[in-house]
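A.B. asks: For the protein sequence lines, the chains are A and B, in the order given.
The opening position of the first sequence corresponds to residue 1 in our numbering, with each subsequent residue numbered one higher.
The opening position of the second sequence corresponds to residue 1 in our numbering, with each subsequent residue numbered one higher.
By construction, these hints were calculated from the structure, which means they are not laboratory data.
Nothing here was measured: the structure is a model prediction, and the numbers come from that model.
A few of these clues could be false.
Label-pair restraints from in silico Cβ distances [to be verified]:
| # | chain 1 | residue 1 | chain 2 | residue 2 | range |
| --- | --- | --- | --- | --- | --- |
| 1 | B | G106 | A | I43 | 49 to 59 Å |
| 2 | B | K81 | A | I43 | 45 to 55 Å |
| 3 | B | D124 | A | R64 | 51 to 61 Å |
| 4 | A | G11 | B | S99 | 31 to 41 Å |
Below are the SDA-like pairs computed for lysine to any residue, each with C-alpha atoms no more than 25 Å apart in a straight line [what the hints assert, rightly or not]:
| # | chain 1 | residue 1 | chain 2 | residue 2 |
| --- | --- | --- | --- | --- |
| 5 | B | K93 | B | D66 |
| 6 | A | K35 | B | K127 |
| 7 | B | K127 | A | A41 |
For every residue, glycine included, the Cβ atom is placed at its ideal position computed from N, Cα and C.
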Amino acid sequence: MKNQIHLYGEGQPTPIVIDLHENATALELIVIAQKAGALPAGIEAKEFLAFVVDVEEPVAHDHRVHDPKGGAHRPPIHCHRCHKIEITVTFNLAKHARFFAPSTHVSRILQWAIHEFGLTGPDTANKELRLGSTTGQILQDKAPIGSYVGHPHCSALLYLTDIVQVQG
Amino acid sequence: MNLALPDLCLLKLHLEEAPFTAGVARGAWSLASDSELEHWPYCRLWIEAQPRFIESGRVGLRFKLDNYPASAPTAQPWDLKLDTALPLDKWPKGPGNVSNVFKPTGNPPGLYAPCDRAAMPGHDGWKQQFPQWWWTPSHMIVDYLTFIHRCLNPAGYAP
């Protein structure tokens, strides 16, 4: 895994593995990701921002993508053309909205939504986020939110719902 | 390892793909050892779990994966140190889907989940209730792992 990196593309919640040489920069990663189909081709690579997943600000394009601890574990990267994404969460007919970096873990947005709607106790452990409707796609906790959002929308409507219980 | 077995070959392929390896990299799950595929159709993995559900912070599972992915997997909680079935009184317990899913089903017991072949028969209603999790041949082992990981690590929970 030393020369590989997990990359989440724009609007693609399933990561892909990208092979990189040891000193590769963020811009090189973007170009390779475009060739691999993880990012749209035919767009200037510099239009994409490269984020370490769950880190608020993008890295510079000439930044070396490496393990910050000096080891072999390179952090997952998310590339997106939106610098911020407006997330609106609906629950029981109420709404809260906020801008998040595309790299923000879905689990962090879930925790924010639970706080905003004033949920406490057991209610907090029984919630998940869905895309577009109360029966829409369940978002994966450890995926970056930008992997569910296309460009140029830079926004998403989510629903906070109870986790369906396995019964019957 | 017998590469003539298509079910084993497909599993091996899926274990090398990014959705599985990304989970390994973040400590969500892993094969229990490097030689797991030598015991086909059995394969042991562990899944991260909040310690309030199981003290060790990990649940071992012994999967049976014959005819994968055409047939759904089935998994039994497993003591990876002793290499034996986990006694029922040590299965994870907790609110929501923790105790719902970790409920012995069948013999040997599988998990009570819409992606486990031991529980699927007689639960056709789950197809509509759990369209993302109801096992079909287009699913991969990582889907089963993700479902169980979500049960054992509710993201909204703040200790």
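A.B. asks: Against each hint, give a clear statement of whether it holds in the structure.
C.D. replies: Against the structure, the hints come out as follows:
1. G106(B) with I43(A): 49 to 59 Å: For G106(B) and I43(A) the Cβ distance comes to about 51 Å; the hint holds.
2. K81(B) with I43(A): 45 to 55 Å: About 51 Å separates the Cβ atoms of K81(B) and I43(A), which means 45 to 55 Å holds.
3. D124(B) with R64(A): 51 to 61 Å: 53 Å, holds
4. G11(A) with S99(B): 31 to 41 Å: 36 Å, holds
5. K93(B) with D66(B): 28 Å, violated
6. K35(A) with K127(B): 37 Å, violated
7. K127(B) with A41(A): Measuring from Cα to Cα gives roughly 37 Å; hence the hint is violated.
When the structure is compared with the earlier hints, violations turn up for hints 5, 6, 7 and for no others.
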